[in-house]
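Asks: Next come the chains, spelled out residue by residue.
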Amino acid sequence: MVTTTYMEAGRRALAEEMRRDPTVWAVGEDLGRGGVFGQYAGMVEEFGPLRISDAPISEAAILGSAVGAALAGTRPVVEMRFADFALCAVDELVNQAAKARYMFGGQGGVPLVVREPMGMWRSSAAQHSQSLEAWYVHIPGLTVVAPATPGDNLRLLKAAIRSDDPVVYMEHKDLWGIEEELGEDEPPGEFGSARTVRDGNDATVVSWSAMVRNAAAAAEMLAEEGVSVEVIDLRTLWPWDRGAVLASVQKTGRLVVAQEAVSVGGFGAEVAATVSEAHFGSLKAPVKRLGAPRIPIPYAKPLEDMLRVGPDAIAAAVRAQL
Amino acid sequence: MSGPRPNLDLERLADRHRRMHRIRAFEEQAVAALEEGLVLGAIHPSIGQEACAVGAVGSLAREDLLLSTHRGHGHTLEKGASAVAMMRELFGREGGNCGGKGGSMHIADFSVGMLGANGVVGANINIAAGAAHAVRLKGERRIVCCIFGDGAVNRGPFLEGLNWARVFDLPVLFVCEDNAFAATTRTEAMTGGPGPAARAEALGIPARAVDGNDVDVVAEVTTELRERILDGGGPQFLWAKTWRLTGHTAVDKAAYRDAGEVEERWKDDPIARAADTLRAHGVAGETLSGHREAAVQEMRAAYEEAKAADWPEDRALYADVQDVGDPREAAFRW
Ligand SMILES: Cc1ncc(C[n+]2csc(CCOP(=O)(O)OP(=O)(O)O)c2C)c(N)n1
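Chains A and B are the protein sequences, given in the same order.
Quick note: the first sequence uses this note's numbering, first residue 1, plus one each step.
Quick note: the second sequence uses this note's numbering, first residue 1, plus one each step.
Please note that the accuracy of each hint is not assured.
Stated by the list, open to error - Restraint ranges, calculated between C-beta atoms of paired labels, are given here:
hint : chain 1 : residue 1 : chain 2 : residue 2 : range
1    : A       : E45       : B       : V251      : 17 to 25 angstroms
2    : A       : A217      : B       : A254      : 32 to 40 angstroms
3    : B       : F110      : A       : N95       : 33 to 41 angstroms
As the list claims (entries may be wrong) - Restricting the straight-line Cα-Cα distance to at most 30 angstroms, the calculated cross-link-like pairs of lysine-lysine (DSSO-like) are:
hint : chain 1 : residue 1 : chain 2 : residue 2
4    : B       : K267      : B       : K253
5    : B       : K307      : A       : K301
6    : A       : K301      : B       : K253
As the list claims (entries may be wrong) - Covered, in the sense of this in silico footprint (three residues per stretch, anywhere, with C-beta under 8 angstroms from a C-beta of chain A), are these stretches of chain B:
hint : segment
7    : 151–157
8    : 183–190
9    : 312–325
The hints are simulated quantities; they were obtained by calculation from the structure and are not laboratory data.
Glycine is no exception: its CB is placed at the ideal position from the N, C-alpha and C atoms.
When you get a sec, could you build the whole thing from the sequences and use the hints?
Replies: And the structure:
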């Protein structure tokens, strides 16, 4: 077993896939010096500058050319640096990458991974902090991954690289340093398979990405009060594990969905609606969504803190359902 | 280092020297405050690039409009924003230019025509073209100045915004403040062709290349281009070559550069260069060190004031989102 950080897990996944498959390569700004957070540290030394490629500050060209490179037989891993900058390449992702397979009648796919580090981190304010996962879930043709642990980052990035379709791969910036013991040999993960973080009988809390930590902390607090909470980490948002969520709510009769993103139109709404449709008669309390208010992310820390969904808010939501 | 100059105006250069020191002192104070945890988010110092701010922005009129970048402290100060308000903004406090909601990368001060720094490289170029469009539509006599880095010329908006300005003949001055780096990348390695000026010219926009570490030259050419724009000459382009003496952000040690190279570049520090010229023409050493001391004192006072300032009130969180709808809808807090 090796102690591995979330960041290191991503690096390891990419390196292992690059060793296995010579058509895998990565491209993005500053990759030759390890990338903006150090996710690519040392990689150019092993794989050379053609496969760990620098790029001009040209997001549309980075993503657009990756679509072409994917159509022509390689597997590009595109680094967007911050999810926010991927917005400079939305046409390339949404109109081009996501559509090609269907529009061209299945003649070929776009095996492309778009890494988009997301979320609030060190007072980065409105243009460097967003959680936009729901946008991508809305687009047919895209797979959306938001790992919460080093192990999932390792396994799911491998799966993403092996996927024949475009994958929006959202690592959370606040998780880079978290550690986990991982095996020497970790196979690719499975899309659409949730992880039960903790078993429970009284309520189900569903979340993903960094919010899973807060859900687990809330469950811990509630356990001390004698409330047994089941915590589910979705891991991938498209496809998502409806079966696991529905089975859990069948058992508990209560659902809280916790997300860092703006709640309005967020992925939590999809989970809440799905559970309401399936379990309307057996719910013991109305489904509750937790998320940020519909405001840009402010810089000042006390303001930023106000829009975070912390363990207290999650625990309070569960208590209100009991 | 500084040969005889035909248009040397000692008083004016001394004033520019003083103003460059204000920018330097502001940023040094901000970096120290970051180390103390008082500056909350990332800051991008422009140490070594002060001649561009003072030369270009200092040659604009109050009514001119300015669009800047993530590395915009100097531009903003020169446009006339208050150093105290800027320091408060960096600390995320009440009384910051943006009420503490923007931070270093999003400083704006509309009261002095500063329409915003930007966290997205190159995004200010189309915005500047649009501001110039409005100036033309309203028949105003002023220009828009848009400053961006050498890295930004590789983004799509560079092509689209410059073409727009040319096609509509807009009163805009594009300034490429070329500090040779885009984050950890040497921009040269990622930029095809002969560079920013040639690209502007290819779009029909007259371009001038200048030594961006010579504050008088930057000012002189900016003044000339501004006049030309006001005379109906349409968009103009200035390529000011300088060098980023410190890291990309205040925490970047810039290990990707050789110490010898950096040391060599410090010899071309624009502030030292101005000081050399002034000294060579008889300006007293005390005058020059006085500029530094006054700047340090001013920025120390700004720091003290920002440190003592209150945090924004809670209700600021929900203010200024938009006029319609309730921003708290479906969120966890009512
Ligand atoms: C669209 C976009 N891509 C990437 C970034 C990340 N980034 C911030 S500053 C920077 C370098 C910019 O270089 P340049 O334009 O030369 O300005 P400088 O930082 O040198 O002042 C990069 C890549 C960004 N902010 N926006």
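Asks: Next step is simple, just say for each hint if it's right about the structure.
Replies: Checked hints:
The hint said 17 to 25 angstroms for the Cβ distance between A:E45 and B:V251, and at roughly 24 angstroms that hint holds. The hint said 32 to 40 angstroms for the Cβ distance between A:A217 and B:A254, and at roughly 38 angstroms that hint holds. Distance hint for B:F110 and A:N95: a CB-CB separation of about 35 angstroms, consistent with the stated range 33 to 41 angstroms. Our distance criterion of 30 angstroms between C-alpha atoms is met by B:K267 and B:K253, whose separation comes to about 19 angstroms.
Taking the CA atoms of B:K307 and A:K301, the gap is near 14 angstroms; set against the 30 angstroms cutoff, the hint holds. Taking the CA atoms of A:K301 and B:K253, the gap is about 25 angstroms. The hint holds against a cut of 30 angstroms. Proximity of the segment 151–157 of chain B to chain A, defined as three or more residues with a beta carbon under 8 angstroms from a beta carbon of that chain, is established by the 5 residues found. Closer than 8 angstroms: that is the beta-carbon criterion, and the segment 183–190 of chain B has 5 residues meeting it against chain A, so the requirement of 3 holds.
Proximity of the segment 312–325 of chain B to chain A, defined as three or more residues with a beta carbon under 8 angstroms from a beta carbon of that chain, is established by the 7 residues found.
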